[in-house]
Each structure stands twice: as structure tokens, then as C-alpha cells.
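Same order as they appear, the protein sequences are chains A and B.
Note that the numbering used here has the first sequence beginning at 1377, numbered continuously upward.
Note that the numbering used here has the second sequence beginning at 1377, numbered continuously upward.
Incorrect hints may appear among the rest.
If chains are identical, the list can't say which one is meant, so a pair holds when it fits in one copy or spans any two.
As the list claims (entries may be wrong) - In silico BS3-like links for lysine-lysine, alpha-carbon gap of 30 Å or less:
hint : residue 1 : residue 2
1    : Lys1540   : Lys1508
2    : Lys1540   : Lys1424
3    : Lys1435   : Lys1704
4    : Lys1435   : Lys1592
5    : Lys1515   : Lys1455
6    : Lys1508   : Lys1424
No lab work stands behind these hints: they were computed from the structure.
There are 2 protein chains.
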Amino acid sequence: MKKTFYTYLLLAYTCFSVMAQQRAPYVISPDVHPDHSVTFNFNAPNAKEVMLDGQFFDKPQPLAKDANGVWSITVPYIKPDIYPYCFVVDGNNIADPNNTYIFANERFKFSLVDIPGDKPLIHSLQNVPHGKISYRLYKSATLGTTRQLLVYTPPGFVANGKKKYPVLYLIHGGSDTEETWTKVGRANLIADNLIAQHKMVPMIIVMPYAAVGFRKDAVIHEMMNDVIPFTQANYPTYTDSRHRAIAGFSVGGGQTLDIAFTNLNKFAYVAAYAPYPETEEFRSIFGADFKPNAAQVNKQLKLFSISVGTEDFLHDSVVKNLAMFKEKGINVTPQIVSGGHTWMNCKLYLSTTLPKLFK
Amino acid sequence: MKKTFYTYLLLAYTCFSVMAQQRAPYVISPDVHPDHSVTFNFNAPNAKEVMLDGQFFDKPQPLAKDANGVWSITVPYIKPDIYPYCFVVDGNNIADPNNTYIFANERFKFSLVDIPGDKPLIHSLQNVPHGKISYRLYKSATLGTTRQLLVYTPPGFVANGKKKYPVLYLIHGGSDTEETWTKVGRANLIADNLIAQHKMVPMIIVMPYAAVGFRKDAVIHEMMNDVIPFTQANYPTYTDSRHRAIAGFSVGGGQTLDIAFTNLNKFAYVAAYAPYPETEEFRSIFGADFKPNAAQVNKQLKLFSISVGTEDFLHDSVVKNLAMFKEKGINVTPQIVSGGHTWMNCKLYLSTTLPKLFK
Chain A
1377 MKKTFYTYLL
1387 LAYTCFSVMA
1397 QQRAPYVISP
1407 DVHPDHSVTF
1417 NFNAPNAKEV
1427 MLDGQFFDKP
1437 QPLAKDANGV
1447 WSITVPYIKP
1457 DIYPYCFVVD
1467 GNNIADPNNT
1477 YIFANERFKF
1487 SLVDIPGDKP
1497 LIHSLQNVPH
1507 GKISYRLYKS
1517 ATLGTTRQLL
1527 VYTPPGFVAN
1537 GKKKYPVLYL
1547 IHGGSDTEET
1557 WTKVGRANLI
1567 ADNLIAQHKM
1577 VPMIIVMPYA
1587 AVGFRKDAVI
1597 HEMMNDVIPF
1607 TQANYPTYTD
1617 SRHRAIAGFS
1627 VGGGQTLDIA
1637 FTNLNKFAYV
1647 AAYAPYPETE
1657 EFRSIFGADF
1667 KPNAAQVNKQ
1677 LKLFSISVGT
1687 EDFLHDSVVK
1697 NLAMFKEKGI
1707 NVTPQIVSGG
1717 HTWMNCKLYL
1727 STTLPKLFK
Chain B
1377 MKKTFYTYLL
1387 LAYTCFSVMA
1397 QQRAPYVISP
1407 DVHPDHSVTF
1417 NFNAPNAKEV
1427 MLDGQFFDKP
1437 QPLAKDANGV
1447 WSITVPYIKP
1457 DIYPYCFVVD
1467 GNNIADPNNT
1477 YIFANERFKF
1487 SLVDIPGDKP
1497 LIHSLQNVPH
1507 GKISYRLYKS
1517 ATLGTTRQLL
1527 VYTPPGFVAN
1537 GKKKYPVLYL
1547 IHGGSDTEET
1557 WTKVGRANLI
1567 ADNLIAQHKM
1577 VPMIIVMPYA
1587 AVGFRKDAVI
1597 HEMMNDVIPF
1607 TQANYPTYTD
1617 SRHRAIAGFS
1627 VGGGQTLDIA
1637 FTNLNKFAYV
1647 AAYAPYPETE
1657 EFRSIFGADF
1667 KPNAAQVNKQ
1677 LKLFSISVGT
1687 EDFLHDSVVK
1697 NLAMFKEKGI
1707 NVTPQIVSGG
1717 HTWMNCKLYL
1727 STTLPKLFK
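This is chain A alone, in the form it adopts within the complex (with noise of 0.2 Å):
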């Protein structure tokens, strides 16, 4: 989706006439190359240091300078993946202009960057049936506000409910939208990869919108009293807990188990990417008066993962609390894998649990 007539490019230096002074001329940027190296450029005439920060870098690396004031540096291989990254333009952050993708957040701006596989990875494009993304607007009691969620529905999705379908409910992390688990973690075409490879069941995945504002309980009131209610309304689902997941990632993986164990004869799956437990609801869930019944916890989940990687700022915390769980004679599995607490994680914890759910 790169290519535009050179006319729409003449265009978008005239037509805002007010802001037309201020914007640099155009460049390719980023540019992936097939031996998965990367070109970056910036055009910055009058910058003094432009660095490269990006998830696939342990520190930022500064970009050179052309005679035209077009900055540039290619990053030899990088993994193929879809990473975070924006310029630092003598010391500010700046998503790439010319660039589309942008990381759906609410307190930065980063760019991404998709770098193919020489085969398609389980979140890349490909020739399979596609299912939809439907933006819904919905009426939230809980908060007195219409709020905005997305529902993945799979492909040949059957509206007429003659065909009823489980539900995956799939919160996003701490300062993230309810986009980002399409724009970043492209939930929709893992999910559509994986029903066209028969690994896992057609189902449907809502991503609501979970800040919440400063009520503590307020995250599973709006889950449980207008979200649910919402998707079972207006969608031909099963409304049994066996055929209703939970799975969040960091903020919304803490906000996951909270919701999972207030209310646990309500999801028979349950999975917490490097959940985050540093909220007062989850220190008051899970703290010395968690007291469970676990022998009909474990009845009841049929599965219950945490995930998390080696080198994620969560890692001993997460491992904290699946040994507090253990303790309590809960089953759950751990998930422990490379990586930080990354997006590219999050594909990876997503990619695994959908073949687990509802078998």
C-alpha cells in the first residue's frame, strides 16, 4: 500500500497550504530489502543528530547525513518480524513520516516495521479466506459513556444464527487501544492463518477498549455487564463459559486474571500475557485473602496459561505469581520464552493459545 501516483505526491506538498512550509520532502522510509536488512530515512536538513530507535536494537543508532539533509542508516539483518521504532531527532521522538503504520497508543507514536519471512509467518498476509474487523459502538452503563470496541469475526462468519460461535475476549495492554491488537498484533490474520491451517476453531474475538478511568473495579463491571452482554446481543454466540476464553496482555493480562477469578464460573480458558500486577484490584484479588477452591478452579478452567519472556521487565514478577498459584493447588501452565515485553511476544502468546481454545 506504498505506491502513490506521483501526483498524489505533488499533492500532499500543496494541500494544506497553512502546514505545506513545515513538511519535509518525500522519502522511502522504511525501506525492507529482500535479504531482510532495512533502510530508514529521515529528511532533516536542519537537524543536528538524528538516531534510529527500534525493538530490534539494544540502544539507538545514529543515522549519516546526505548532502540533500537526508538522513539514512540500513540495519544489516533483522529477524523477520513486525517491530516498533521512530526516529530521535535531536533528542525527540518522531514517528516516521512516511509511513503509514503506526503503533495504536495513547502516550507515544511509533512507526512499524513489517520485515517478511522467506516463508509467510503465522501473522503475514496470505492467500487464505479472510475474516472481518467490525469498529463497534456500544453503550457502556457501567461507565455512562458510548465507548468503541472491534469483533473479529472468522471467515464465512454466518450471521443468521444458525450457526453459533465461541468467544475470545482480548484485552490490549497498559496505554494501547482497543486497535492495537489488530494494527500491532494483527490478532485477525494470525486467527485467519490458523482456521485456514485447520489449528484452530472459527470463533470470535472482541477487543474492547479497557482504560477504564480510576473506579478500581470498574474493568470487570464493563467486561462483565456491558461487553459481554453487548457481543451476546449482537452476535450469534454460545453463552455458556465453555465456550467463553479471556486473554490479555501486561495491564490487560493483570486485568485478565482479575476478571477471570471475580467471576470464574463465567470462562472455562483463561491465558495472562506478562501480566502486570501492580493495580490495587489485583493486589486486593490476589493477595493474602485469595483463598480459592481449587479443585473446582481446575474443574473449571480447561486452560490456564501465563505467559512471559526471559527478558521482560515481568519476568520474576510472573514467575512469582505462577509459583503463588501452584501454591494455592491451581493448575496453570507456564509459558516462559525468549524475549522482552514486546508486541513481537504478544503474536507469539496469541499464535499459541488460539489453537487451545475450545477443543
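With chain A held as given, fit chain B onto it using these hints.
Using the frame of chain A, we list chain B on its own:
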């Protein structure tokens, strides 16, 4: 959708270990006040100069730095609307890192500030039934790729085919994307509100990605042979020209005219918003060889309108093309309003077109 847990906030600084050092501390921006003044804040202790550039200004204005390195400006009164803006930090454009709302575009990254009216505006989120937006992937035989388009279906949409809907094909401007009409133009909320007010017929609105590379007639082929057939195969639509409309902005306005006048028996409603004429395609269709059968055209087109703002850089070109169509005997309705080549005007154009369709 702006408030988050304090814990979210903390996490935003810690979750990307590599990128954390460069991230500026959290400030609220933009901060829209009840009197329609707006404070913009940007944290950059090391910047030498920070300007605010926005489409509510004639020229960029300086921010002032406080003792903590936070730069601020309060713009007194801004007429309620949605405006693109960015910070210009030591000469470089930067989208507001604390603002989730980004202008969907391939060539720049501007933020959007939404200043609500004292009464709800036509693009405001109101307490009315809402349609939905679906993100669909489809195969383009014309281009040999899989592409994405967006489909708005109205509130109460019935998918079972018992009810049929008319369709508006709505094209973005140069360097925009298939998301610009919803993310910047709020086409979905405008339609929701007009339908609730009984001012427009419930319809499907299809928003394709109209950048097609360098093949001259590709956008026409893509629309007629891929976008329309995909829509008609996947949605319960009427398939006659009386129930098909096309509209577009800027480059997309030129494409609208190109598509409509090379397929005149396929559309009954044609609306071009500040159409950009400097393409090879436009010149070849509307050049010396353009000899339309005016009586037939006028009989076919229930609506043919061209809109432009008096401050639009394309104003004179539009006036010339209006004269050209009239000179050929074609009935065209001019809509000349104040304002420039902006998405503020796009929302106005769309909200005046929608009530005229399919009646």
C-alpha cells in the same frame, strides 16, 4: 477515551525497556476547555523552539517553556470542529505524543483536536443508534494484490438479503488511506446522525483505498471490476445505477469524475469535492475529446455536484471545470463555501450530499 489508571501511566514508561529513556513524561494534550479555547502541551526540556501548527491558524505560533521543560500554548477560541495540528520542534513536525487521534495518512503524521460545539455537531458522537464500520480484505484482480476497504452499514442493518441497500462509494484524498473518511471525516457518525434525524436514506458506504500505483486507468478498473463486485457479492445491495452513488475529495474527487464519466450508465449520483484535475487520466478524459451526450448525461444523473471552498488552492480550477461542464451542456450543481482544501470542509460536503442521495 483519555483517562487511564495511574498504573497505566507508570507502565507506559517501563514497558519498552529499550525505548523508555527517550520517552517524554506524560502531559495532557490537547486540553479542550468549555469556552472552546484549547491548551496544547508538549514535554521537551532540551528543545530550543517549539511551535504549534494547526489548521485553525494562519501561521504557526510559539509555545512557551516552563521550569519543568513543558512547552505550552493556549489558543483562545477555536470554532468547534475537528482540526489537524502538529508541533514543530526545532523545525521538525511531531504529532502530539499524548493524543491518540492521528490523521490517517501516508505522508505526514498530524494529530487531530476535536472541539465540541455547544450543541452537538453533525459529526459528533450523539445518543442515537449507531451503524458499524467493517474492515474487509478483498482480492483485487486489477492490481493482483489483497487490499483493504472499509464498509459502513447503517443502524439496524439486515444482512439476510431480505432488505436491499443503495451504496455510496466514497474516495479519500491524495496520500490519505481507506481510513481517512472515518478517522478524520467521521463519515460513520455523520451518517448515524443524519439517519437518526430522518434526513438521509439508510445506505451502505464503501470506502476503498484508492492509491493504485502508476497504471493510468487502474483506479477506474479497480472500482468497476473489484470494489463494486466485492461489495455486491458480500452485501445486500441494489445493483442498478439508480441505487449507486460516488463521491470523493481532492485526488479522490478527480477520480470520482474519471470513474463516473467513463461509466456513466453505472451511477446516478456523482459528487466531487475540490476535485484535483492534474492527472494524466483526468486530462485525457476531460480534454479536447470530451464530447458527452449532454441530454443523456442529464437524464442519467439525478445529482451531479462539485464543491469547493473559496480559499481552496483548487478553487479556480474547480470554477474552470464547472464552466467546462456547463459549456458542454451538462447540468452541474456548484457548492461554493468558505474555507480551504481541508477535512473540515470535507465533513460539510459529505453532510450536504448524503441527504440528496437515493430520493
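Going down the list of hints, with the structure as the test:
| no. | hint | result |
| --- | --- | --- |
| 1 | Lys1540 x Lys1508 | both (17 Å within a copy, 21 Å between copies) |
| 2 | Lys1540 x Lys1424 | neither (59 Å within a copy, 60 Å between copies) |
| 3 | Lys1435 x Lys1704 | neither (41 Å within a copy, 64 Å between copies) |
| 4 | Lys1435 x Lys1592 | neither (37 Å within a copy, 44 Å between copies) |
| 5 | Lys1515 x Lys1455 | between (43 Å within a copy, 28 Å between copies) |
| 6 | Lys1508 x Lys1424 | neither (45 Å within a copy, 47 Å between copies) |
When the structure is compared with the earlier hints, violations turn up for hints 2, 3, 4, 6 and for no others.
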